[in-house]
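**Student:** Listed below, chain by chain, are the residues.
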Amino acid sequence: MTAPMDCKINFEQVSVTFGSAAVLRDINLQVCRNSVTGFMGPSGSGKSTLISLVNRMIDFENGVTIEGSVTIDGSNVLAPRTDVISLRKRVGTVFAVPLPLPRSIFENVAYGLRLQGITRRPLLDEMVAESLSKAFLFEEVRDRLDTSALKLSGGQQQRLCLARTLALKPEIILLDEPCSGLDPISTAKIEEALSELKQEYTIVLVSNNTKQIARATDYAAFFYMSALVEYGETFSLFTNPAMQQTEDYIQGKFG
Amino acid sequence: MVIICIIFIKGIANLNLEFILAFPQDMGRHGGIFPSIVGTFCLVLLSLLFAAPLGLGTAIYLTEYTRESRLTTLIRFGVESLAGVPSIIYGLFGFIFFVIKLKMGWSLLAGSLTMAIMILPTIIRTSEEAIKSVPVNLRRVSYSLGGTRWETTTRVVLPCAAPGILTGIMLSIGRTISETAAVIFTMGSSLRLPTTLMDSGRSLAVHFYILAREGISLEKAYATALVLVLIILAINAVAYYFMHRITSKYS
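Each protein sequence line maps, in turn, to chains B and D.
Count the first sequence with my numbering and you get residues 12 to 266, in order.
Count the second sequence with my numbering and you get residues 2 to 252, in order.
If you are wondering where the hints come from, they were derived from the structure by calculation, not from laboratory data.
Keep in mind it's a predicted model, so treat the numbers as computed, not measured.
Worth double-checking, as some hints may not be accurate.
Unchecked claim - In silico EDC-like pairs for lysine to aspartate or glutamate, Cα to Cα no more than 20 Å straight-line: (1) 100(B) with 152(D); (2) 133(D) with 72(B); (3) 102(D) with 200(D); (4) 19(B) with 187(B); (5) 180(B) with 194(B); (6) 19(B) with 72(B).
As the list claims (entries may be wrong) - Derived DEER-like restraints, expressed as beta-carbon distance ranges: (7) 45(B) with 58(D): 43 to 53 Å; (8) 62(D) with 129(B): 42 to 52 Å; (9) 247(B) with 247(D): 33 to 43 Å; (10) 191(B) with 54(D): 36 to 46 Å; (11) 29(B) with 58(D): 53 to 63 Å; (12) 108(B) with 17(D): 51 to 61 Å; (13) 158(B) with 58(D): 29 to 39 Å; (14) 101(D) with 108(B): 57 to 67 Å; (15) 158(B) with 67(D): 35 to 45 Å.
Here a beta-carbon is modelled for each residue, glycine too, at the ideal position from N, C-alpha and C.
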């Protein structure tokens, strides 16, 4: 397996068990800075669990045992002394289903900023507009920032969630199957946003849609049955997979 | 509905501005019910002042800050037991503990503390249910944006749960306004206008009870009942209005 240069996130010998069931076994993987890295695999293969380590959202699960280390720029986020709150400001998350807060469009994007103590309205206005533009949403909603976010379409809601994450200027953005409920046009808009955003951010995209991984990522990892099967540059992984399982999955023979 | 109609028909004849704003004379046979209206409002406000923060705090603790454990089971058991106790028992408890043991005498303070204990289970249970019904995912969003537990609770969970919490508070207000037994034992039934926390007073429900029970004046009793019903309706209308404003702001 080729290890990409300029490593941002480093998973080392990571194993996760829920109760007695192993969810991840001995994962070693390095995520490259300023790239889009795709995690693919059938559901239940552990890919979502792996990213929930990075933002420590795994803390909300019961009965989890974690081994190994996950480092961001060399510091271990699994260490008990990690400041989880500030970690989550550095690591943004977009969930599988669009989850706007029941507030206005503006307040959704401003939520994280307000938590950081930014309350000056001109500054908020500017930052909200900037984040919405980066998520390719600003033009569609600029006239109705004060209307409820729940009135947006699914695709717009998901871009709003992306904008909300971008507002905090994180270093890493984790997207957990962000397009699973979206139509092709909304999906294309998200992918377009991602390819722009990787200039500034390190992006991890979890998806069980192999075509999306092929289109939108620079590096790809294939997970199967709690293990990392193959990892490498997306192009070579899709054109010349080293493992039979990877080839079968890409060709849609299972999964 | 029929009951409300009867009260309305029988009470409207004696209801006028003077009845509301005048002091009672001759045990309530003549005059108005102004001190009782004031006493009722003070009783409601004070009981809520004691019970709402404690009840809401308990609900938040039970739902957001702990996992299920022996302690939470114990708290829930206690709350449920309290909910099933008849009001006269609260009255006796308040009388023995607040009025006699803590030497508060028959007073607004003793009455509202007793009522606070009595409405606490309702507030805890309804708030807990309301908080639990807020989707887990909304909390996750807040945490994922760097929110602390407290920020998540106050900025996401409580606004979403507000209508449910308000319902519990409305039920509690209704119960406090209409309570007689526990109030007679702890706040007394003085007809004077209560001016301090340590003054005795007579709530509308108690006034109505005494007027009817002692056969003092049935006309005045019906008029009092009508005022009581109108106050409850008014409070509900105001609460409904605010609830509507909150829900439309957050959705």
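**Student:** For each hint, tell me whether it holds in the structure or not.
**Tutor:** Going down the list of hints, with the structure as the test:
no.	hint	in the structure
1	100(B) with 152(D)	holds (14 Å)
2	133(D) with 72(B)	holds (17 Å)
3	102(D) with 200(D)	holds (17 Å)
4	19(B) with 187(B)	holds (18 Å)
5	180(B) with 194(B)	violated (27 Å)
6	19(B) with 72(B)	violated (26 Å)
7	45(B) with 58(D): 43 to 53 Å	holds (47 Å)
8	62(D) with 129(B): 42 to 52 Å	violated (30 Å)
9	247(B) with 247(D): 33 to 43 Å	violated (56 Å)
10	191(B) with 54(D): 36 to 46 Å	holds (43 Å)
11	29(B) with 58(D): 53 to 63 Å	violated (33 Å)
12	108(B) with 17(D): 51 to 61 Å	holds (60 Å)
13	158(B) with 58(D): 29 to 39 Å	holds (34 Å)
14	101(D) with 108(B): 57 to 67 Å	holds (59 Å)
15	158(B) with 67(D): 35 to 45 Å	holds (38 Å)
Hint compliance for this structure: hints 5, 6, 8, 9, 11 are not met, and every other hint is.
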